Each structure stands twice: as C-alpha cells, then as structure tokens.
Amino acid sequence: MRVKPALLTMAHRLAILAYIAFALFPLFWLLKVAVTPNDLLYSEGIRLWPSRASLEHFDFVLRHSAFPVFFRNSLIVSGSTAVVVTILASLSGYALSRFRFRGKYWLVTLMLLTQMFPLVMLVAPIFKILSPLGLTNSLTGLVIVYTAFNVPFATFLMQSFFDGIPRDLEEAAMIDGATQFVAFRQIILPLTLPGIAATLGFVFTAAWSELLFSLMLISGNEQATFPVGLLSFVSKFSVDFGQMMAAGVLALIPACLFFLLIQRYLVQGLTAGAVKG
Amino acid sequence: MASIDIANIQKSYGVHPVLHDVDLNIRDGEFVVLVGPSGCGKSTLLRMIAGLESVTAGEIRIAGKRVNELAPKDRDIAMVFQSYALYPHMSVAKNMSYSLRLRKTPKERITAVVVGAAAKLGLEPLMERRPRALSGGQRQRVAMGRAIVRQPKAFLFDEPLSNLDARLREQMRAEIKKLHKDLGATSIYVTHDQIEAMTLADRIVAMNAGVVQQVGSPLDLYDRPANLFVAGFIGSPGMNFFEGTYHGGATPLFEIEGGVHIPLDAPAPLPEGAAATLGIRPEHVVLAGHGPQTLLATVDLVEPTGFGIILHLSLGRAGFKAFTNDRSFLTASGTIPVRFPTHQLHFFDGEGRRV
Ligand SMILES: Nc1ncnc2c1ncn2[C@@H]1O[C@H](COP(=O)(O)OP(=O)(O)O)[C@@H](O)[C@H]1O
Ligand SMILES: [Mg+2]
Chain A
1 MRVKPALLTM AHRLAILAYI AFALFPLFWL LKVAVTPNDL LYSEGIRLWP
51 SRASLEHFDF VLRHSAFPVF FRNSLIVSGS TAVVVTILAS LSGYALSRFR
101 FRGKYWLVTL MLLTQMFPLV MLVAPIFKIL SPLGLTNSLT GLVIVYTAFN
151 VPFATFLMQS FFDGIPRDLE EAAMIDGATQ FVAFRQIILP LTLPGIAATL
201 GFVFTAAWSE LLFSLMLISG NEQATFPVGL LSFVSKFSVD FGQMMAAGVL
251 ALIPACLFFL LIQRYLVQGL TAGAVKG
Chain B
1 MASIDIANIQ KSYGVHPVLH DVDLNIRDGE FVVLVGPSGC GKSTLLRMIA
51 GLESVTAGEI RIAGKRVNEL APKDRDIAMV FQSYALYPHM SVAKNMSYSL
101 RLRKTPKERI TAVVVGAAAK LGLEPLMERR PRALSGGQRQ RVAMGRAIVR
151 QPKAFLFDEP LSNLDARLRE QMRAEIKKLH KDLGATSIYV THDQIEAMTL
201 ADRIVAMNAG VVQQVGSPLD LYDRPANLFV AGFIGSPGMN FFEGTYHGGA
251 TPLFEIEGGV HIPLDAPAPL PEGAAATLGI RPEHVVLAGH GPQTLLATVD
301 LVEPTGFGII LHLSLGRAGF KAFTNDRSFL TASGTIPVRF PTHQLHFFDG
351 EGRRV
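Protein sequence lines correspond, in order, to chains A and B. So for the first sequence, my numbering puts the first residue at 1; every next one is plus one. So for the second sequence, my numbering puts the first residue at 1; every next one is plus one.
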C-alpha cells in the first residue's frame with residue numbers, strides 16, 4: 001500500500017522535471033549560442049556545449065553596439081508603462097469592484113471590445129494620431145500606446161483581486177473613522193499587494209517584449225527599444241547569431257530580477273481567492 | 001452614550017421593498033435585540049443605522065440629531081461584524097487602536113485605552129499576533145475590543161456569535177451581557193437566535209419579512225406574543241398550535257381537527273363559531289389528571305434531552321409536543337392523560353393576531 005503513493009510522487013516529480021526541461025531548453029540554447037565563439041558556431045555541428053566558451057559576444061554587445069541604449073530605452077518604457085498602468089488599473093479596478101454607477105455595464109463591454117481587435121489593424125490610425133502630436137519616434141509616445149493597450153486587461157485583473165477582499169473590511173474601517181479613500185489606501189491596498197505585483201509583472205513583461213508598435217513608431221537607434229534593437233543584428237547578408245543571443249541573454253536579466261523581486265507576492269496573488277482571508 | 005430614534009424607516013433595493021415602516025425608539029443605555037428569521041431585514045436596518053446603507057424614506061436620529069446624510073465615520077458608532085472584519089495585515093494591538101489613530105489621539109492615551117480593553121477581554125498575551133493566528137473566539141474578542149476602545153455613542157452587533165461553536169457562544173453571550181452592565185452603552189444587537197435575544201435583551205424587537213411584529217421585554221414576548229409569528233418564533237421547543245373552531249355557551253370548548261374537543265374553564269374572547277388558532281407552550285401541557293378536563297393523547301415519540309423530556313403526542317390527527325422533567329415518562333407509550341390549563345392558552349384570530 002505504501003509503494004503506490006511513492007510511485008505517484010515519483011511520476012509527478014518526473015512530469016514536472018520533463019516540463020521544466022522543455023520550458024527552459026530554448027533559454028539554454030540562447031545561452032549556449034551566446035558563449036560560442038564565431039569560428040566554432042558553424043564548424044562544430046550540434047552539441048550541447050561548445051568545446052571553447054567565451055564571453056566575446058557579450059563584450060562586443062556591451063562596448064561596441066547600441067545595445068546599452070536599447071536596454072535603457074526599454075527599461076524606461078517598460079518601467080513607466082508598468083507603473084502608470086498599475087496605478088490606473090488599481091483605481092479603475094476598485095471602482096468596478098465596489099461602486100455601482102450608471103453605464104458600468106457598457107463601460108465593461110467597451111473595455112472587453114478593445115481586447116478583440118488584432119493590434120495590426122490599429123498601427124496606421126495610431127501613427128496618424130501620434131504623428132501631428134510629435135509623439136512618434138519618442139519614448140513618451142510608446143508609453144502612452146502601451147498604457148492604453150494594457151489598461152483594460154490590467155483593470156479586470158485588479159478588479160478580481162479587489163473582489164477577493166471582503167467588503168466588511170473597508171466598512172469596518174469607515175465605521176472606525178476612515179473616509180472611503182483612506183480605507184482604500186490603508187486597508188485595501190496593502191491587502192492587494194499580490195495583485196499589484198502580478199499586474200506590474202504582467203504589464204512590464206508585455207511592454208518589454210513588444211515589437212510591433214516599437215518597430216512602427218520608432219525610427220533610428222536613438223529611441224529604439226530592445227526588441228527592435230535585436231533586429232539590427234540581422235543585416236542584409238547575414239545574421240550575427242552570437243551577438244544577437246548575447247543581447248538576448250542580457251535582456252532577460254531585468255525580467256528575471258523583476259520576477260525574483262515580486263515572486264513572493266505573485267505566488268500569493270495567483271492563488272488568491274482559493275483561501276479566505 | 002445616546003438614544004437612537006428610527007422614525008418610519010423604509011428601505012428598498014430597486015423596486016424590492018426590504019423594510020416597511022419601521023418605527024423604534026431606543027433609550028440611552030438600552031440593550032435592544034433585533035430578532036427574526038434569516039432575510040427579514042435585520043442586517044439592513046442595522047447597516048442603515050451605521051450609515052453603510054442609504055435610507056429610502058424616514059429618518060434616523062442619534063442623540064436627537066438627524067444622521068440620514070452623515071457618513072459612517074461621523075456617526076460615532078462602533079460595529080461588530082459577523083465576520084469580525086479584522087484587518088488581516090495589522091496586529092491585534094493595531095487592530096484595536098486603528099480608530100484612535102485615525103482620530104489622532106495622543107500615543108500615551110491610545111496605549112492606556114488599548115491596554116485597558118485588552119485586560120477586560122483577556123487579550124494581553126495576544127497583542128502582537130496577526131488575526132490569522134487567532135482562534136474564532138479570540139478573533140471575536142478582538143472585534144469586541146476594537147469596538148470598546150472608542151467609547152462610541154452606541155454599539156451595533158450583527159450576529160457576532162454565529163460563527164462560534166455552541167459552548168463558546170454561551171460563554172461570549174454572558175461576557176457581552178457583563179460588558180454591557182459595565183459600560184452601560186446603548187447597544188443594538190442583531191441575531192436570528194431567539195435564546196440570544198431572550199438572554200441579552202432589555203427589549204426585543206421581533207421582525208418578519210421587513211415588518212416589526214412586536215416590541216417588548218423578553219418575558220412580554222414569551223408570555224403575551226402579539227401574533228402567531230412571535231408565538232412560534234420565541235421559545236424552544238416551540239409553541240403548539242391547533243387550528244379549529246370556538247364554541248361558547250355554558251361549557252365553552254375549542255373543537256380541533258378530527259372533532260376532538262378541548263374543554264375550557266372560562267370563555268375565550270372569541271365570537272361563537274369563529275375559526276381561530278389555539279396555542280400552548282410544551283411546558284404548560286399538564287401530563288396527568290382525571291375528570292372532564294382530561295384528554296387522552298397518543299405517545300408518538302419520546303425525546304430525552306438530559307435536562308428534561310420532550311414528548312411527541314397526538315390528539316386525533318393533530319400532533320403536539322409536551323415538555324416535562326419527570327423521568328418516569330421516559331417509558332411512556334400507548335395513551336396518556338393530558339390537560340390544557342385554560343389560563344396558559346393563547347388564542348389567535350383568523351389573521352393570526354392575539355385575542
Ligand atoms: N445589496 C442588496 N441588493 C438587493 N437585495 C438585498 C441587498 N442586501 C440585502 N438584500 C435583501 O434584503 C433582504 C434582507 O436582508 P438582510 O437585512 O441581510 O437580512 P437578515 O440580516 O435579516 O438576514 C433579503 O431578502 C436580501 O435578499
Ligand atoms: Mg444578517
């Protein structure tokens with residue numbers, strides 16, 4: 001009788017292991033190519049690790065390419081977008097969760113509707129709107145566009161977190177002498193930290209990897225974000241895989257750091273609602 | 001401390017009326033219990049007093065001052081929620097001092113008041129814990145503590161004990177009563193449990209379907225229920241009811257289903273031949289006797305409760321219950337003589353009103 005649970009546990013662990021290997025293999029390959037010197041890249045055939053690893057691609061990318069600029073731009077754009085969207089989404093998500101007001105149904109429908117169109121359809125109109133405002137080829141313009149696209153989903157995400165917090169809590173606070181806003185700030189917001197972390201993470205990664213609008217709205221290296229920058233390693237005649245992968249590895253760092261930072265809240269956040277506070 | 005006046009209050013959600021014309025004056029220092037079945041509008045009324053629900057019509061006055069438009073924070077009342085509603089991210093001490101901190105009370109005073117309340121409720125060893133590390137009973141105490149540190153004009157309780165087990169509920173019930181004796185604060189207590197209502201209240205307000213049925217002292221409601229609803233709701237095991245017809249004359253009697261005649265010592269205040277309901281509490285059924293007043297009832301079931309015995313009996317087709325402390329009835333079977341003393345009978349007319 002004791003054998004069966006042990007076997008099941010083993011099978012479970014193996015399944016997870018297989019999944020992790022599957023999910024992480026592309027990242028491993030990224031790293032492998034990044035440390036393979038150019039002369040070995042095509043000569044060694046397919047092997048798991050090059051016979052001689054070097055950091056020459058990283059060195060080149062950091063010192064001789066425009067990569068640090070892309071990186072900085074991406075950081076600015078993604079960070080600002082994440083912060084702005086999260087603030088807006090907390091406020092609107094709270095309103096949707098707690099208040100009854102006229103037109104709420106239509107507002108929600110409209111927000112859902114915006115999520116239904118493929119973004120490609122919107123490139124030309126957006127360009128047309130931003131261009132006279134001088135917001136093309138500008139990081140501000142990108143932040144505005146990303147914010148607009150992410151607010152609806154982030155609002156729904158935040159709303160579901162607010163829905164998970166019992167109304168009694170803010171009512172108790174209001175009876176204790178708080179205004180609705182003070183109750184929101186001192187009672188509800190601290191309890192929504194997991195939700196805020198999840199929203200920040202979601203929006204940050206979405207903005208970090210966005211290519212389409214960045215490509216269309218930005219020209220030239222000065223304002224390019226990192227996904228666009230990666231394309232500059234593709235020239236007319238060849239692709240510099242080593243440098244491209246090195247840049248890719250470096251680009252992973254902030255996303256990893258970010259998730260490491262919010263991971264504690266994220267786990268709580270994704271399981272919120274499963275347990276009652 | 002303050003009086004609370006509820007004048008012709010109505011409440012509707014959209015087109016659905018929830019409270020109809022509730023009129024109630026609560027005196028300074030009084031302990032009033034709102035009792036009624038689930039969904040009858042008790043919480044709604046309490047939340048309107050707290051300012052958490054808007055008032056559809058009528059007026060609420062606290063200490064003589066109209067508060068209909070006042071925000072909860074400006075009404076100076078404290079409330080204990082059924083869910084306790086403790087702030088999960090604050091320690092017990094922080095939970096209890098939150099209202100004082102919002103009012104910018106000096107630190108030394110906050111400490112003094114919180115320590116005092118904690119001592120009163122036996123919370124001293126728990127002050128640094130978070131609510132999640134507390135048992136149900138301890139959470140309940142913290143919720144009480146949060147209310148009493150403020151010395152508000154009135155306390156509102158919304159079924160504060162319904163999440164506790166029976167033993168703890170009994171204990172907390174007594175503590176709430178003691179606390180009220182100590183503080184003498186105006187209190188409105190909502191419950192669906194008639195025992196809680198009976199044991200705690202100075203006055204009980206019995207409600208059903210958004211309408212106040214009767215207001216009075218616990219024994220008033222027990223001895224002289226105003227209608228069938230109150231008669232059936234207050235008391236456990238509940239009052240027995242027999243539908244039937246009244247016949248006056250020289251030997252007044254009440255004829256119930258199946259042609260059984262219940263003889264009466266004295267005429268009842270009912271017109272001849274009136275359809276009515278007769279009620280008698282199980283503990284008032286006399287399980288003995290001989291002579292013309294005695295009926296023979298069939299024993300259907302014997303339920304020992306330890307404290308006493310509940311006998312399930314029937315007269316013709318009409319079932320009823322009797323309560324006795326006499327253990328010789330544990331073995332009762334077949335038929336036994338019963339008597340309904342006329343002065344213990346309640347009569348209700350066709351509309352269910354007491355006559
Ligand atoms: N926000 C609301 N919207 C619509 N109906 C409500 C709302 N809150 C309560 N009700 C209705 O009002 C009635 C009274 O509810 P409540 O006061 O909570 O009853 P009780 O506390 O006596 O159990 C119920 O029928 C309930 O369905
Ligand atoms: Mg209720």
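Quick caveat, the hints were computed from the structure, so don't treat them as lab data. Quick caveat: nothing in here was measured; it's all calculated off a predicted structure. Any given hint could turn out to be false.
[To be verified] Below, in silico cross-link-like pairs of lysine to any residue (SDA-like), each with a Cα-Cα straight-line distance of 25 angstroms or less:
1. A/Lys104 / B/Pro17
2. B/Lys107 / A/Leu133
3. B/Lys104 / A/Leu191
4. B/Lys94 / A/Leu189
5. B/Lys107 / A/Gln186
Structure-based check of all given hints:
1. Between the alpha carbons of lysine 104 of chain A and proline 17 of chain B the distance comes to roughly 24 angstroms, so the proposed pair stays at or under 25 angstroms and holds.
2. Between lysine 107 of chain B and leucine 133 of chain A the alpha-carbon distance is near 54 angstroms, which puts this suggested pair outside the 25 angstroms criterion.
3. Restraint check for lysine 104 of chain B and leucine 191 of chain A: the C-alpha separation of about 23 angstroms stays at or below 25 angstroms, so the hint holds.
4. In summary, the hint linking lysine 94 of chain B to leucine 189 of chain A is supported, as the alpha carbons are separated by about 17 angstroms, within the 25 angstroms threshold.
5. Proximity of lysine 107 of chain B to glutamine 186 of chain A is assessed by CA-CA distance (about 19 angstroms); at most 25 angstroms being required, the pair is judged to hold.
Going through the hint list in order, the structure does not satisfy hint 2, though it satisfies all others.
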